[in-house]
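**Student:** Each chain is listed here by its residues.
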Amino acid sequence: MLDWIMITIELVGVAILLIWIVIPIREFRQIFQIVKHKQHAPLEADDDPQRGFPIEPNPAPRREDGTPT
Amino acid sequence: MTAIDYAIVIGFLAIMGLGGFFLSRLIKDADDFMVAGRELTPFILCAAITATNLSMLHVVGMGGTAYLNGVSILWQNFTGCMALVISGIFVLPIMRRLRIRSVPEFLQMRYSGPLRVLVAAFWGLRLSMFMGILLYLAATVARDITGWDNYAAWLLIFCVVAIFYSAIGGAWAVAIMDSVLFVVTLIGGLILLPVAFYYAGGMPAVWEWLQANPELAHPKKLATHTEFVPTTGPFNWVFICGIMLLSIKFATVDQAILQRAFGAKSPRVGAKGMVFAGIVTAPIALFCILPGIAMAKLQPVGLHPELANPDLAIPALLKTYLPMAGHGLLGLVLCGLVASQVDTITSDVNSVATLFTNDVYRNLKRRAPTQRELLYVVRLSSVICGALMLAMAWVLQYTGTGAVNLNLAVVGILDMPLFIITIVYGLFWRRANWQGATAGFATGGIVGVMTYVILEPQVNSYVRGLVGGADDTLGGWHEGLKGYSTWVRALAPITSSVTALIVTPIVSLLTPPNGRASADQIWRAYSAGDAVHSSGETAPAEAEAEAAIDTFHLVPTSFPGRAGALVVIGGFAVFLFGVLSAAWGSSLAGELAIGGMLAVFAGGFVRVYAE
Numbered sequence: 001m002l003d004w005i006m007i008t009i010e011l012v013g014v015a016i017l018l019i020w021i022v023i024p025i026r027e028f029r030q031i032f033q034i035v036k037h038k039q040h041a042p043l044e045a046d047d048d049p050q051r052g053f054p055i056e057p058n059p060a061p062r063r064e065d066g067t068p069t
Numbered sequence: 001m002t003a004i005d006y007a008i009v010i011g012f013l014a015i016m017g018l019g020g021f022f023l024s025r026l027i028k029d030a031d032d033f034m035v036a037g038r039e040l041t042p043f044i045l046c047a048a049i050t051a052t053n054l055s056m057l058h059v060v061g062m063g064g065t066a067y068l069n070g071v072s073i074l075w076q077n078f079t080g081c082m083a084l085v086i087s088g089i090f091v092l093p094i095m096r097r098l099r100i101r102s103v104p105e106f107l108q109m110r111y112s113g114p115l116r117v118l119v120a121a122f123w124g125l126r127l128s129m130f131m132g133i134l135l136y137l138a139a140t141v142a143r144d145i146t147g148w149d150n151y152a153a154w155l156l157i158f159c160v161v162a163i164f165y166s167a168i169g170g171a172w173a174v175a176i177m178d179s180v181l182f183v184v185t186l187i188g189g190l191i192l193l194p195v196a197f198y199y200a201g202g203m204p205a206v207w208e209w210l211q212a213n214p215e216l217a218h219p220k221k222l223a224t225h226t227e228f229v230p231t232t233g234p235f236n237w238v239f240i241c242g243i244m245l246l247s248i249k250f251a252t253v254d255q256a257i258l259q260r261a262f263g264a265k266s267p268r269v270g271a272k273g274m275v276f277a278g279i280v281t282a283p284i285a286l287f288c289i290l291p292g293i294a295m296a297k298l299q300p301v302g303l304h305p306e307l308a309n310p311d312l313a314i315p316a317l318l319k320t321y322l323p324m325a326g327h328g329l330l331g332l333v334l335c336g337l338v339a340s341q342v343d344t345i346t347s348d349v350n351s352v353a354t355l356f357t358n359d360v361y362r363n364l365k366r367r368a369p370t371q372r373e374l375l376y377v378v379r380l381s382s383v384i385c386g387a388l389m390l391a392m393a394w395v396l397q398y399t400g401t402g403a404v405n406l407n408l409a410v411v412g413i414l415d416m417p418l419f420i421i422t423i424v425y426g427l428f429w430r431r432a433n434w435q436g437a438t439a440g441f442a443t444g445g446i447v448g449v450m451t452y453v454i455l456e457p458q459v460n461s462y463v464r465g466l467v468g469g470a471d472d473t474l475g476g477w478h479e480g481l482k483g484y485s486t487w488v489r490a491l492a493p494i495t496s497s498v499t500a501l502i503v504t505p506i507v508s509l510l511t512p513p514n515g516r517a518s519a520d521q522i523w524r525a526y527s528a529g530d531a532v533h534s535s536g537e538t539a540p541a542e543a544e545a546e547a548a549i550d551t552f553h554l555v556p557t558s559f560p561g562r563a564g565a566l567v568v569i570g571g572f573a574v575f576l577f578g579v580l581s582a583a584w585g586s587s588l589a590g591e592l593a594i595g596g597m598l599a600v601f602a603g604g605f606v607r608v609y610a611e
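These protein sequences, in sequence, are chains Z and V. Under our numbering, the first residue of the first sequence is numbered 1, with each subsequent residue one higher. Under our numbering, the first residue of the second sequence is numbered 1, with each subsequent residue one higher.
The hints are simulated quantities; they were obtained by calculation from the structure and are not laboratory data. As the structure is a prediction and not an experimental result, all values here were calculated from the model. Any given hint could be a false lead.
Straight-line distance between alpha carbons at most 27 Å, and here's what the computed DSSO-like set of lysine-lysine pairs gives [stated by the list, open to error]:
#	chain 1	residue 1	chain 2	residue 2
1	Z	Lys36	V	Lys365
2	Z	Lys38	V	Lys28
3	V	Lys365	V	Lys28
Label-pair distances were calculated between CB atoms; the ranges are [unchecked claim]:
#	chain 1	residue 1	chain 2	residue 2	range
4	V	Phe22	Z	Leu11	21 to 27 Å
5	Z	Val14	V	Ile502	47 to 53 Å
6	V	Trp394	Z	Ala45	38 to 44 Å
7	V	Leu481	Z	Arg29	47 to 53 Å
8	V	Ala387	Z	Ile5	45 to 51 Å
9	Z	Leu18	V	Ile506	40 to 46 Å
10	V	Ala583	Z	Ala45	58 to 64 Å
11	V	Ala212	Z	Leu18	35 to 41 Å
12	V	Thr551	Z	Ile5	36 to 42 Å
Here a beta-carbon is modelled for each residue, glycine too, at the ideal position from N, C-alpha and C.
With the sequences and hints as input, model every part of the structure.
**Tutor:** Have a look at this one:
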């Protein structure tokens, strides 16, 4: 008698495996392209975790389209 | 093990080392080392989280527990999967939007600097201890399977590879190599499961045999092997409730998991990665745990008393049945086990190094360190962390499971109050202040310790010996409640978290309100774009670009998004009802709990893809 439960579990596992071989390769390429052209902080620059990400203490209200008033 | 098996494992370790060396070229600044430059995509992130989550502890430890106690140990993993989905859609987007590198950094933003340093030091030590346990387990299993009885050599082999590639490659190496290691782990599972059930006569036959011979599968007949939500036994409905609480904690404040998600390209990508990781880990758990169930029929403990220590069941399965199935299969499955182990260790090494550098070193230094200094300190921290892990693993060969149980007790006692002050009050109650958080954390810990002192017989007698005196109140309490002593691991997280839940608001209301300006950033991070809002002309291009792709609102704005969130909440309620219904012996408890879990996955998937 065929063990359908185990066959189903194995098929799900194989599907995850195939997805994991195909999609991350595409994502690796994207990441390497981005990192290649990314500007990094100079080694002698002070560390700032919020770099390029300013958080205003009192942000100005925004219009509906997202632009500052 | 044959020469082919050895060649496969050695080749695999060499490839891992080379991969780490290649990826070290991507490390240009501290953000690259700690959060992979915040450029991770959904699948890479999912693989990193899944690989961090799965370790040899799952295959050998939980597979062995399934061998002795039945299939309900699956909930240790399933609850974690649900918690990842819930955290991904309700908690992670806020944390990611704050652009933090660690959970203690959030505590400083929300409460106070000293609390950040205290929690970072505590987490760093605890993770080092946990890694020591993982290393001990890996070396013990390798020694048992290969027959090469050199514990120190095995420790060094695992440690050198893990430390080498996490110290030079940082979060980039961890994230990208985890994607590769995840595939290797999965291949190991895909081989092991059919081999185990082939020799056991197939899954239906195993199920029938276990139902007909419970006295052979478990000599004390404590567990019903085939019940998903048992009413009795050590892994019953109370255990599932307790582990659900711990899983939510794990998915919302565990540094090793969240640090990967902080590396997401945007809050939505972080949410997608967490939800995918939850959905994908659930079937993978079957590959880890079901071989233990097959082994319960192949070599039941009633006929094989040498397997009474459940940690020996899976190694026995591997070395007995895999070589019979084909040459090289043992080597491939071992690669999967080593991969699952090394990726968890490297993630944790990266997290401990980040905690020490970002939260302790950086916070105690008067001026901001340069990128060069930080990179030097974080790499040095990785090596020191490796040394700590090695020392812990070395000590464990003498203390055995005593240290493992101590670690479980510490997790149960202190992690839940941390979750309460960080997530429950830190994110969802503005009036909470540092006095309330500190009091809640401390009293929660004390009550958790007292739960162990009262319920756990060995701890009770040890403490009574220490206290001495004629008044034996502790002994009286233990006598009155000793019927619940097997539940102590599930009850300690519940008592410690309920205490923190009550004490934190009382002390907060009795002391002045929180006046920290930095806490305002947290409230603004609930909505997409608000936390990163900057006046158009002065905003750096990076901030504008990040704001443009940040579209994930905590409260969904579209119909599919709302429907998805509602299905998650409803599914979770059904799961809880199913688990609790086992208390009065409902025959539908398992079906309800699993149905609820599947609804959480489906709702989470719709939620992150809607809008």
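**Student:** What are the numbers of the hints that this structure violates, sorted from low to high?
**Tutor:** 1, 4, 7, 9
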